[in-house]
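> Protein chains in written order, with this note's numbering: chain Z, 1 to 57; chain P, 58 to 477; chain X, 478 to 801; chain F, 802 to 1318.
Calculated directly from the structure, the hints in this document are not laboratory data. Note that this is a predicted model, so its numbers are computed, not measured. Glycine included, C-beta positions come from ideal geometry on N, C-alpha and C. Mixed in with the good hints there might be a few duds.
[Claimed, not checked] Some chain Z residues judged to face chain P by a derived CB distance under 8 Å, without partners named:
1. 1
2. 30
3. 51
4. 53
[What the hints assert, rightly or not] With a cut-off of at most 25 Å between alpha-carbon atoms, the simulated DMTMM-like pairs for lysine to aspartate or glutamate come out as follows:
5. 68(P) <-> 275(P)
6. 95(P) <-> 108(P)
7. 1279(F) <-> 558(X)
8. 55(Z) <-> 71(P)
9. 202(P) <-> 88(P)
10. 55(Z) <-> 952(F)
11. 95(P) <-> 63(P)
12. 173(P) <-> 88(P)
13. 1077(F) <-> 1087(F)
14. 12(Z) <-> 1087(F)
15. 936(F) <-> 63(P)
16. 95(P) <-> 71(P)
17. 205(P) <-> 264(P)
18. 45(Z) <-> 932(F)
19. 990(F) <-> 31(Z)
20. 572(X) <-> 44(Z)
21. 12(Z) <-> 1116(F)
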Amino acid sequence: MSVNELFKKELKVINMGLESFYEELRSQDVETIHVDWKPAAGGDKKMASLLGRLKGL
Amino acid sequence: MANFIETANKKALEIMQNAQPTLVGMGVAKDVVPGMHKKLIMHAGPPITWDKMSGPLRGAVIGGLIYEGLATTPEEAEKLAASGEIEFDPCHHHQAVGPMAGVVTASMPVFIVENKTQGNFAYCTMNEGLGNVLRFGAYGDDVIKHLKWMEKTLYPVMKQALEIYGPIDLKTMIAQAAQMGDEVHNRNKAATSLFIREIASSIVKTDASKEDQVAVFDFLNSNDHFFLNLSMPASKSAMDPVGKVKHSTIVYTMARNGTEFGIRVAALGDRWFTGPAAIIDGLYFPGYSTDDANPDIGDSCITETYGIGGFAMATAPAIVQFVGGTPQDAVNYTTSMYEITLEESTIYKMPPMNFRGTPTGIDIRLVVETQILPVINTGIASKHAGVGQVGAGIVNPPMNCFTDALEAYVELLESEGMLG
Amino acid sequence: MMIGSFDRTIHAVQMSQDLHDLLLHHENIVFRVHSIFRGSVNLLSHAEELMTIARTDVDMMPMGIKVDLPAHIAWPFEVDDSVVYNGQLEFVIPKNEIRIRLRNARVWRPTLSAPSGEIACASEEALSMIKKTLLELDSGGVSSVIRFINGDARESSCTSIYARFISGDICSFIDAVEAKDWERSLYQTELLVGFGPGLTPSCDDFLAAFILSLHYRNQWNHRDDQTLLSFLEGIVELANSRTTIVSYSMLRHASAGKASDSYLKILEALATHNLPELRRAIDRVLEFGATSGADFLFGIWCVQTIISRWARQEECILKKEDRI
Amino acid sequence: MIQSIVRKNAYYDSVTLMLISREMKSMEGVEEVLVGMGTELNLDLVRNLNMFDANLEDVTPNDLFIAAKFNEELVTMEQLVNSFDEQINRKKEASAGDYRPPTLRSAIDHLGGANLVQISIPGQYAAEEAEAALKAGLHVMMFSDNVSIKDELRLKQLAVEKGLLMMGPDCGTAIINGVPLCFANVVSKGRIGLVGASGTGTQEITVRIDQLGEGLSQVIGTGGRDLREEIGGLMMIQGIEALLKDPETDVIVLVSKPPHPTVEKKIVDLVKQANKPVVIDFIGGDAASIIAAGATPCVSLEDAARKAVALLRGEKVEDFDGFDAPEEEIEKLVSNAFSTLSADQKYLRALYTGGTLADEAIKYLGENYPIYSNIPLTPDRALANLGGLEGHICLDLGEDEFTRGRPHPMIDPLTRTEFFKTHVDGSTAVVLVDVVIGYGSHENPAGAVADSVRDARARLKEEGKNLVVVASVTGTDKDPQDLRQSIASLEQAGVIVMPSNAQAVRLVDLIMEKMSA
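Given the sequences, and given the hints that come with them, work out the whole structure.
See below:
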């Protein structure tokens, strides 16, 4: 969707990170979903790198 | 072009989705189960030796040896079990599954389930009902007597009834039950009812005495979990062929022996990846607490592996009380399982999820990435042999099963030169 | 703007000013988990300072932080676990190495500023709104006393054994406060502190309403009524040994004008005659604090009724002076 | 029979306990049950009901007790306690609510038709997630910083390739389709479009446009590094092109710190072709090339807003460097303020939370006075070169050096509160501050300033001195904190509130001029 197409649509936001940003969007009745984000493999670097190698295939 | 992992997983998923588990008859373990012999005791979960077995599994082994006439007293049975004369091997190594302790011995009658699409078979004993039962490690006289009744009365009637009826399509039956509030692991009320309705006239047509027929009906009717011992081999028959798909990252076995939890992954063949079995967070029967609980035990989580059981919790709101939750919790459990599975079942649909298919095909990569563990519904056995069930609840496999498997998978690809 | 790393980290979204100030001046504080509820966890430091970690759907409290931990994820604490403040706007739970980062928490003031414009007493409508709510509620705490406080119902009809037992003492306490007989009020307080079910016993919530209302009346009107202030301090002193540590902290905070967000909102809505806001605040207090909330509201109704009566008397005196 | 048990470390709220004791009381053979914390008065009640037994002797207020009076032929204490435990366990509350997916992938599945991802996770992970979002065809607003310039370039190139917005990293403000994102004010919808590389600069322009009775079509953020040579203004260009094509936009405003010359050229070349009027504020940058491109340069953020409005309305466009209020009134304000100061009060303290606003102040005042700062005009005016407090100081408190270990001062006013304490003393004549409200900001920054001012005044009063405080509020009456309320609480504390940062700065300039005269 190009930028100009976006301007014609209702904004629907995925929020990833600070929950307060999500809450503020919700308080304005913006359609939004909050990602319960964690780093891949819970931050386990070894596992994240194994997953990265498989993704790189 | 999709990479070879996705191609492999697609093939594995096709096998799962197209499986046709069908109940084709009954037989005695030593006659039908591959590799079964008089001195073999099959058990639930990954391999384990006598000295590491927990209370309920030991109890069930003792009961099994007495039932087989290999010992006459519990003391004698224990001595025999420790002697090395008895072979222990997982049900899973013999195309079989067993709930809780999962003990199967040579003379036990078993259901024979055939996956008509792939032509492979799976076996499981009949469900003993509630109370003092072998699968929870009870081995008293009443337990043995009940097993003998199952062998001498229940089995001949059921076997003949099934011969009269012909093959029963378990896939359709599970799909119907899933729309009637069963997830066919911890709730089997609807499925058991459907089964009785289906088989009833054939039971009446057997040459068994009226008295025996009545006893069989009473038993079936009194045991809501009778169908569990059919949903388990149905799942097993669907999953075994998945285990032969090269390079697939899908989990085809999850099982616990009361000491360890183990999984097996398609690409990694027969290798078990194990971690300590957990104590279950759940609803304990009055008078019991986690202090009384045995660590997680049983092959029944083959249902979750197949995408039903805990994965279909949304469709069985009646059992969320086991985890002290609401129907919304049940929906949330199922929703979270989509995060670690690759597809939705084309057959098992859940009305509360707007007839969405159950989460199907656990991918170890997704489990490790999201850190979300499979949700398993389960009964809780007492840690003391012979006491029985003390509660029910929800349990997860240990994370290291999945991280170890992922590591092994990457090593495998490396050794094959498939990774750059 | 820095956000920081995320490994096994819980993020705080709000932090109360007083906790912020305390932490800024310490390199290291060791807390012990005192009690765990679905929505919040209480921690206690060696210096017996109580702090609260709450989920986002729970009210902000003095010495509190709100963390972004979804309801379906269990608290990573057990009672008696230690939780260490490491001097870098971060709590660490040594047992599992989970961290709670405060860096991006917004600071929340646990006190009220003086409302702009004239500060008035609670209006008749506001008071009757509170009373009506409490009559419909029948919570089971001491707030049931409102049913028979001016003879609306008979004591025996009350289902709360606690309310039946304490109603006489509550009435005597109210009389003493209304008479501004602080010595007698303090004596009557002794018969209330720590009474009732729950971790913050009902009567303590009732008293918190008195402390907060009187504190702000004194502050906003620039009175410097030392006898009143020492009465309020006296209540806190009494509470020190007579009630639970959580409840004692609540009363101590109240005497400094500090209270949970919804308690403050009630006071603010009353002072600004904002009835829709009051309605919302009442609902929030009841939803969040259940009987505690009802007991607090009951206290508010009592003390604000007294304050309006005082105001009417003062008006009379002023008018008389005008005439002279 | 009377019996009791005591439990340490068992805490439940009163409702739970009331419901449970009600339930226990309904058991056969139970006459009375009391469950509560072991406070003196609760034990009095137990005594009063003749239910006291030896177990309760050593109870403390922090222990839970269960006391019961019952007929032992019908029920046992053990059964009562079991019933208590069973109900406590049953009382586990539901954990329903919105589903929060753990990954972007599943969020896309759950929120049908998602079109923008707002990212504020730690920088080390942010680039990867942004890349996945762009690949999935989603526009990105990235608040996270600590993303390498290499990653920024890669992401923006990907976005350009896919025709998407990649706002940020370190982008604090945007308003897309009327929705304020991250730190933004609630402004009216209108026909002016804006692309901004500076957060509070963008906020200041948007609120002034709103104040002048016009509104914004779209506000696109680019992140602070977009106009650097390495990035080449990829997002500013993408934004300008989108606004040129947007039928809802009639006038375009660009705001940024002075760009790298090569980037400036690209932008100017693009603006030359524009069929819509363009207002450019390259804060303190060169006006010549802007004029050459046929665009309108500005002298302040407020001026940018006024010119955009004038262009939109077809009114005459001229530099605004005065005041809203009539000249006499300003003169009176200045002389009144001056008259309250004593002779040894000489210095300015400008304490800013908004970076671009601080920048604007220092560029204006720095021309005439030696102003020491953490963002000085010349290196010799670095704060470190000013020993003590004898001199004019203007600070951007949002810079890393002040925020280390604590939130940005727009979120948490404490940093400024502390500077009020340490940097405002008897030699201070004028304090200049900004108050930025809107979404993302602290819930009452004006209140915090008012408190600090009262506190400082009280301190100086002891020396028999007064203090002049000048502020502006970046906000609108539609913001959650409310502009009018913010102004009112500042004015109650005796703060002179000017209608814009530029006017606040100019007023301070006049006061300082009078002081040095």
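> The structure should be examined with respect to each hint, and the outcome stated for every one.
Here is how each hint holds up against the structure:
1. 1: 25 Å, violated
2. 30: 22 Å, violated
3. 51: 6 Å, holds
4. 53: 6 Å, holds
5. 68(P) <-> 275(P): 44 Å, violated
6. 95(P) <-> 108(P): At roughly 21 Å apart (the allowed maximum being 25 Å), residue 108(P) and residue 95(P) satisfy the hint.
7. 1279(F) <-> 558(X): 46 Å, violated
8. 55(Z) <-> 71(P): 22 Å, holds
9. 202(P) <-> 88(P): 22 Å, holds
10. 55(Z) <-> 952(F): 19 Å, holds
11. 95(P) <-> 63(P): Violated: residue 95(P) and residue 63(P) sit about 44 Å apart, past 25 Å.
12. 173(P) <-> 88(P): 21 Å, holds
13. 1077(F) <-> 1087(F): 22 Å, holds
14. 12(Z) <-> 1087(F): 39 Å, violated
15. 936(F) <-> 63(P): With Cα atoms ~19 Å apart, residue 936(F) and residue 63(P) stay inside 25 Å; holds.
16. 95(P) <-> 71(P): 38 Å, violated
17. 205(P) <-> 264(P): 20 Å, holds
18. 45(Z) <-> 932(F): It holds: about 19 Å lies between the C-alpha atoms, which stays within 25 Å.
19. 990(F) <-> 31(Z): Holds. Residue 990(F) to residue 31(Z) sits at ~19 Å (cutoff 25 Å).
20. 572(X) <-> 44(Z): With a Cα-Cα distance of about 18 Å, the restraint between residue 572(X) and residue 44(Z) holds, given a limit of 25 Å.
21. 12(Z) <-> 1116(F): 37 Å, violated
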